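Chain residues, written in single-letter form:
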Amino acid sequence: MRRGAAVAFGVLGVLTLLIVWELYKFLGPEGGFVVGAIDGETGSGVMILPRTNDRAMPHVWDMVARLFQSTSGGNTPPLIVPVATAAVTTLGIAAVGWLIGVTIGALLGLVMQRWRLAEWGLLPWIVVSQTVPLIAFAPIVASIGTQIDRGGTPWPQWLSVAVIASYLAFFPVAVGVLRGLEAPDRIHLDLMRSYRAGYWATLTRLRLPAAVPFLLPALRLAAANAVVGAVVAEVSIGMRGGIGRMLIQLAGQGSSDPAAPWGPTFGSIALGLVAAGSVALIGFGLRKYRRGEETI
Amino acid sequence: MTIGTALAVRAVGVGKVFPTKDGEIVALTAVDLSVDAGEFVALIGPSGCGKSTLLRLIADLDSASSGTLQIFGKPAHQARIDQDYGIAFQQAGLLPWRTVAANIELPLELHGVPRAERSARVAELAALVGLTEFIDRYPDQLSGGMQQRVAIARALAKRPNLLLMDEPFGALDEMTREYLQSELARIAAETGAAVVFVTHSIPEAVFLADRVVVMSPRPGRITEILPMGLGAMTGDELRESSAYFERVTAVREALHGAPMERRNER
Numbered sequence: 007m008r009r010g011a012a013v014a015f016g017v018l019g020v021l022t023l024l025i026v027w028e029l030y031k032f033l034g035p036e037g038g039f040v041v042g043a044i045d046g047e048t049g050s051g052v053m054i055l056p057r058t059n060d061r062a063m064p065h066v067w068d069m070v071a072r073l074f075q076s077t078s079g080g081n082t083p084p085l086i087v088p089v090a091t092a093a094v095t096t097l098g099i100a101a102v103g104w105l106i107g108v109t110i111g112a113l114l115g116l117v118m119q120r121w122r123l124a125e126w127g128l129l130p131w132i133v134v135s136q137t138v139p140l141i142a143f144a145p146i147v148a149s150i151g152t153q154i155d156r157g158g159t160p161w162p163q164w165l166s167v168a169v170i171a172s173y174l175a176f177f178p179v180a181v182g183v184l185r186g187l188e189a190p191d192r193i194h195l196d197l198m199r200s201y202r203a204g205y206w207a208t209l210t211r212l213r214l215p216a217a218v219p220f221l222l223p224a225l226r227l228a229a230a231n232a233v234v235g236a237v238v239a240e241v242s243i244g245m246r247g248g249i250g251r252m253l254i255q256l257a258g259q260g261s262s263d264p265a266a267p268w269g270p271t272f273g274s275i276a277l278g279l280v281a282a283g284s285v286a287l288i289g290f291g292l293r294k295y296r297r298g299e300e301t302i
Numbered sequence: 186m187t188i189g190t191a192l193a194v195r196a197v198g199v200g201k202v203f204p205t206k207d208g209e210i211v212a213l214t215a216v217d218l219s220v221d222a223g224e225f226v227a228l229i230g231p232s233g234c235g236k237s238t239l240l241r242l243i244a245d246l247d248s249a250s251s252g253t254l255q256i257f258g259k260p261a262h263q264a265r266i267d268q269d270y271g272i273a274f275q276q277a278g279l280l281p282w283r284t285v286a287a288n289i290e291l292p293l294e295l296h297g298v299p300r301a302e303r304s305a306r307v308a309e310l311a312a313l314v315g316l317t318e319f320i321d322r323y324p325d326q327l328s329g330g331m332q333q334r335v336a337i338a339r340a341l342a343k344r345p346n347l348l349l350m351d352e353p354f355g356a357l358d359e360m361t362r363e364y365l366q367s368e369l370a371r372i373a374a375e376t377g378a379a380v381v382f383v384t385h386s387i388p389e390a391v392f393l394a395d396r397v398v399v400m401s402p403r404p405g406r407i408t409e410i411l412p413m414g415l416g417a418m419t420g421d422e423l424r425e426s427s428a429y430f431e432r433v434t435a436v437r438e439a440l441h442g443a444p445m446e447r448r449n450e451r
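Chains A and B are the protein sequences, given in the same order. FYI, the numbering for the first sequence is 7 to 302, going by our numbering. FYI, the numbering for the second sequence is 186 to 451, going by our numbering.
Simulated from the structure, these hints should not be mistaken for lab results. In this text the structure is predicted, and so the values were computed from the model without any measurement. Idealized CB from N, CA, C, for every residue including glycine. Hints may be right or wrong, so weigh each one.
Claimed, not checked - Among the chain B residues that face chain A by a calculated CB cut under 8 Å, a handful are:
#: 1; residue: 272
#: 2; residue: 331
#: 3; residue: 414
Stated by the list, open to error - Below, computed lysine to any residue pairings styled on SDA-like, alpha-carbon distance capped at 20 Å:
#: 4; chain 1: A; residue 1: 294; chain 2: B; residue 2: 282
#: 5; chain 1: A; residue 1: 294; chain 2: B; residue 2: 372
#: 6; chain 1: A; residue 1: 294; chain 2: B; residue 2: 219
#: 7; chain 1: B; residue 1: 343; chain 2: B; residue 2: 302
#: 8; chain 1: B; residue 1: 343; chain 2: A; residue 2: 79
#: 9; chain 1: B; residue 1: 259; chain 2: A; residue 2: 200
#: 10; chain 1: B; residue 1: 259; chain 2: A; residue 2: 199
#: 11; chain 1: A; residue 1: 294; chain 2: B; residue 2: 262
#: 12; chain 1: B; residue 1: 343; chain 2: A; residue 2: 66
#: 13; chain 1: A; residue 1: 294; chain 2: A; residue 2: 211
#: 14; chain 1: B; residue 1: 343; chain 2: B; residue 2: 421
#: 15; chain 1: A; residue 1: 31; chain 2: A; residue 2: 13
#: 16; chain 1: A; residue 1: 294; chain 2: B; residue 2: 281
#: 17; chain 1: B; residue 1: 343; chain 2: A; residue 2: 41
#: 18; chain 1: B; residue 1: 343; chain 2: B; residue 2: 372
#: 19; chain 1: B; residue 1: 343; chain 2: A; residue 2: 194
#: 20; chain 1: B; residue 1: 343; chain 2: A; residue 2: 199
#: 21; chain 1: A; residue 1: 294; chain 2: B; residue 2: 259
#: 22; chain 1: A; residue 1: 294; chain 2: A; residue 2: 209
#: 23; chain 1: A; residue 1: 294; chain 2: B; residue 2: 430
#: 24; chain 1: B; residue 1: 343; chain 2: A; residue 2: 204
#: 25; chain 1: B; residue 1: 343; chain 2: A; residue 2: 196
#: 26; chain 1: B; residue 1: 343; chain 2: B; residue 2: 219
#: 27; chain 1: B; residue 1: 343; chain 2: A; residue 2: 211
#: 28; chain 1: A; residue 1: 294; chain 2: B; residue 2: 326
#: 29; chain 1: B; residue 1: 259; chain 2: B; residue 2: 219
#: 30; chain 1: B; residue 1: 343; chain 2: A; residue 2: 203
#: 31; chain 1: A; residue 1: 294; chain 2: B; residue 2: 343
#: 32; chain 1: A; residue 1: 294; chain 2: B; residue 2: 396
#: 33; chain 1: A; residue 1: 31; chain 2: A; residue 2: 75
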């Protein structure tokens with residue numbers, strides 16, 4: 007029953023969003039509402055309410071219908087086909103980025119838990135690393151990649167995108183693993199000590215299993231970050247074939263084909279859902295480590 | 186693992202000092218205590234009297250600041266390395282992701298006992314604590330009392346000659362508590378292990394122990410050691426006997442009255 011309720015609420019949420027969109031489009035002023043505009047000067051003033059014309063806000067059904075119309079006229083396949091291809095490409099890159107990020111994040115978490123000094127030394131840098139804007143950071147990675155490639159070691163462009171995605175993905179994992187490994191109760195640590203269990207035995211029998219409830223949200227965040235990172239990185243280093251590039255391209259043509267950019271937008275939403283769903287599968291696989299902590 | 190006639194626990198002049206920001210805190214001072222092999226000794230006293238600290242020193246979870254502490258004739262550290270004792274705490278401390286069986290066999294698994302031997306031992310221990318039917322359950326599916334029984338089975342897994350228990354029944358309701366006390370008395374007798382049992386409860390100490398060690402705080406020390414000598418009586422017979430009530434009174438007086446009478450400051 008609770009599962010049914012969850013699904014119902016999910017559907018309700020999406021429906022509400024669609025209704026609010028259409029309702030505003032129906033009620034709102036066609037040209038938007040602008041305050042402080044100077045006569046004869048286009049673009050002056052501050053827009054308080056957005057425009058509701060079809061160019062700014064296409065109908066929801068137009069967006070969906072556009073997915074099944076030919077991509078760019080003629081014999082080109084329906085828009086949904088290139089959107090799906092691009093989404094799968096980006097998903098693959100994001101998955102690689104996620105794996106790199108999870109590996110590095112987990113290693114950092116392990117090292118920081120093992121040596122307090124490492125935590126003091128590393129954690130501030132790890133936090134600071136996330137304040138570097140991706141837009142500034144992406145071209146550097148891309149140019150390093152190009153140099154490696156020129157040096158003889160093959161370094162495809164997508165690998166740069168994956169590395170950039172991993173830069174966003176590793177952070178929640180590093181913090182989550184550190185917190186998770188420190189989660190066991192004192193009593194459990196005392197018990198392991200009384201059993202003469204060393205670092206590795208304590209790690210595998212106690213710390214890692216106890217870290218699972220902390221690890222799963224971290225992995226989910228990392229998945230979302232990897233997707234966002236991959237999309238943004240594609241755009242900022244100009245990689246073709248992914249959903250990020252497609253989004254920019256179609257948004258550029260938005261004034262003549264306003265429903266089209268919504269295709270890749272839906273594509274990237276689907277991407278995020280697939281990524282989050284994959285982590286949910288991992289969580290299902292690890293469900294025995296997530297039993298209620300109701301032991302006295 | 187028995188080492189001849191060596192005492193299970195021998196403490197001479199044991200003290201423990203915790204350094205803090207505001208100077209040192211003396212948790213235990215000048216503790217002299219001997220526990221014979223197979224003997225049941227209860228440590229009782231108000232909060233802060235160092236009874237849990239003493240247990241942790243015996244278990245080598247902390248180390249003594251002064252004095253000598255020997256377990257079966259060995260330093261406490263060596264006894265822990267040799268796995269001479271089993272331990273249970275106020276909280277059962279079961280690993281929630283492991284079944285009852287997997288929790289009981291954890292110490293065996295950690296020391297490389299083969300699988301077949303492990304499951305045989307688990308079956309034996311589950312029978313001993315009366316949980317055979319619950320062996321595949323997870324801790325969250327058990328009552329507090331059942332969880333504590335699993336913890337006791339786990340403590341016994343390696344057939345230790347010394348069982349250390351830190352208020353194991355402290356979090357349980359009175360009915361479960363009395364039941365588990367009887368069970369523990371039976372198990373201790375069956376296994377022949379010495380027991381050092383920390384408790385807040387006077388009746389519990391009197392019911393279980395051969396000797397009750399009365400402790401007092403600031404600084405933590407032993408004030409009196411009372412032999413119970415209640416003989417072969419068990420269960421309700423013991424709980425309702427007049428000798429039992431006399432001992433309860435004696436322990437209570439030792440706890441509350443005449444704090445100047447310090448046995449170990451003779």
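Open item on the list: Hints numbered earlier in the text: which of these fail when held up against the supplied structure?
Closed with: Numbers 2, 3, 5, 6, 8, 11, 12, 14, 15, 17, 21, 23, 26, 31, 32, 33, in rising order.
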